[in-house]
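2 protein chains.
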Amino acid sequence: MFNNVTIVGVGLISGSFALALKQKGLAKNIIGVSRTQASIQSALQLGIIDEAMPLAEAVKKSDFIYVAIPVDATIAIMQQIMDLVTDKQIVTDAGSTKLALCNALAKHPMRSQFVATHPMWGTEYSGPQAAVNNAFVGRCCVICENQKSSKWALDAIETVYKTLGMHVVYMDASSHDTHAAYISHISHITSFALANTVLEKEKEENTIFELAGGGFESTVRLAKSNPAMWAPIFMQNKHNVLEVLNEHINQLQKFKASIEQDNTEDVLALMQNANKISRILK
Amino acid sequence: MFNNVTIVGVGLISGSFALALKQKGLAKNIIGVSRTQASIQSALQLGIIDEAMPLAEAVKKSDFIYVAIPVDATIAIMQQIMDLVTDKQIVTDAGSTKLALCNALAKHPMRSQFVATHPMWGTEYSGPQAAVNNAFVGRCCVICENQKSSKWALDAIETVYKTLGMHVVYMDASSHDTHAAYISHISHITSFALANTVLEKEKEENTIFELAGGGFESTVRLAKSNPAMWAPIFMQNKHNVLEVLNEHINQLQKFKASIEQDNTEDVLALMQNANKISRILK
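In the order they appear, the protein sequences are chains A and B. The working numbering puts the first sequence at residues 1 to 282. The working numbering puts the second sequence at residues 1001 to 1282.
Hints listed in this document are in silico derivations from the structure and should not be mistaken for laboratory results. Given the structure is predicted, the values throughout are model-derived calculations rather than measurements. Just to be clear, a hint being listed does not mean it is correct.
To be verified - Derived DSS-like pairs: lysine-lysine, alpha-carbon spacing no greater than 27 Å straight-line:
1. B:LYS1201 / A:LYS238
2. B:LYS1201 / A:LYS276
3. B:LYS1276 / B:LYS1254
4. A:LYS201 / B:LYS1254
5. B:LYS1203 / B:LYS1276
6. A:LYS203 / B:LYS1254
7. B:LYS1088 / A:LYS238
8. A:LYS254 / B:LYS1107
9. A:LYS203 / B:LYS1238
10. A:LYS22 / A:LYS162
11. B:LYS1201 / A:LYS256
12. B:LYS1254 / A:LYS254
13. B:LYS1254 / A:LYS224
14. B:LYS1088 / B:LYS1107
15. B:LYS1256 / A:LYS203
16. A:LYS201 / B:LYS1201
17. A:LYS162 / A:LYS24
18. A:LYS256 / A:LYS201
Chain A on its own, in the form it takes in the complex (with noise of 0.2 Å):
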């Protein structure tokens, strides 16, 4: 489908995504584009990327520009990107924050050349070396402000995405961003501050190490990830996500109370009702 597909930024994210692009036939070249000379070495090793070059140079020569690094750079970057690209090109992003960026590019003469995406997948690994195949399958991408984008490029990526294995559903940025905050967001805040919590109060490292069943892991998974990657999701999303963590401590304080007055019933109602949680999710 492209001839020449630039990722900028090669992590977890971009780096499987180049690897789905070249398993389904979508792309024949992959340029890879990063200020990190160590990711272009081992995206290189590793197959995910078949060239390294200059921002501006890897542009021009590509059909298809994707972009996946913190949300924050992508703003400055995709402004730079938009500025070269022609209505021959399409640019894309894979943030988990689509507002701010939209806002940014709501004005700029080639906002039709750009679609806002959100493939809802990750790991709590990152770098290149985390990039697996087979991603993205089963899972949901957001496309936001569609009808910003051209009825061409909108096409083009809506395939890619589908032949990638993902259902494509569309929302304005805003409730984007909202969704996000209680879907993803939260979760990852809540993981970061229960590892803090063990850290902080089991000081035998062994012990965790030997009793930390499935439960623990699961609940904690998350707090691997790339702190450099979520500090701006937070700050952009910042309403939002205060919003949600405001009303996650006032839950927690609803358990706290419950157990200091003995009250199982109150115990029990608020677990019954998390229950419920079972019939929203496969």
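For chain A, the structure is supplied; the task is to place chain B on it using the hints.
Chain B alone, transformed into the frame defined by chain A:
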């Protein structure tokens, strides 16, 4: 090894334990005891138990009695069982709290027939239909107050758990309860509270269903757990659970304050500290 084993409660833990005993050739005949007739029927159909009978009759017939019911009910049932056993029988429990039970049985004349254990394995599902083969493998089993059990009984139970693929750790009951609060109980409260947070604020259930990725599912998985099992755990381990819960709320408030103040440095530092959990998890 054992001719007749009684499991008191026929659910996730006891059911998986019974399946493992049979698979490893450690039990010829498994007797189920439960007040819930539907569970007995299900356990018979699933081949988890060979027969069912009332508690006193089952205990009288058995070499080994394994109790896996909610920790508050355990204390009363265990008193009844201990009043029935001889020095040829072994009694073990699988409860997630150990101090209250150990204290309740401390002065029982048959105390040496009892081995207090907590196999650190479970899933978010419950009932006999949740029992699985090859449970427990690779996990840790805590044995408390080992010096109060007869050498013979202790050796037998240790052999059973090791044959099931577990490694055994000895701990006093009070230390167990402290560590369990950090490693297991707080993860459950966090997960229940996170489910309630999302259910409270995110009214668009279809959106949760569509967007929920791996991160959300793993963090909220434990919220499907059985309230009747967990409420007595939190109540019996109130002192430790509240201490960890207070620290967890404190850690979440640190995130909240740093985000509110746009203090990216502090948010990064909180996450970098949390990343240390990688070092002590497999």
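### Query
Which of the listed hints are broken here?
5, 7, 8, 16
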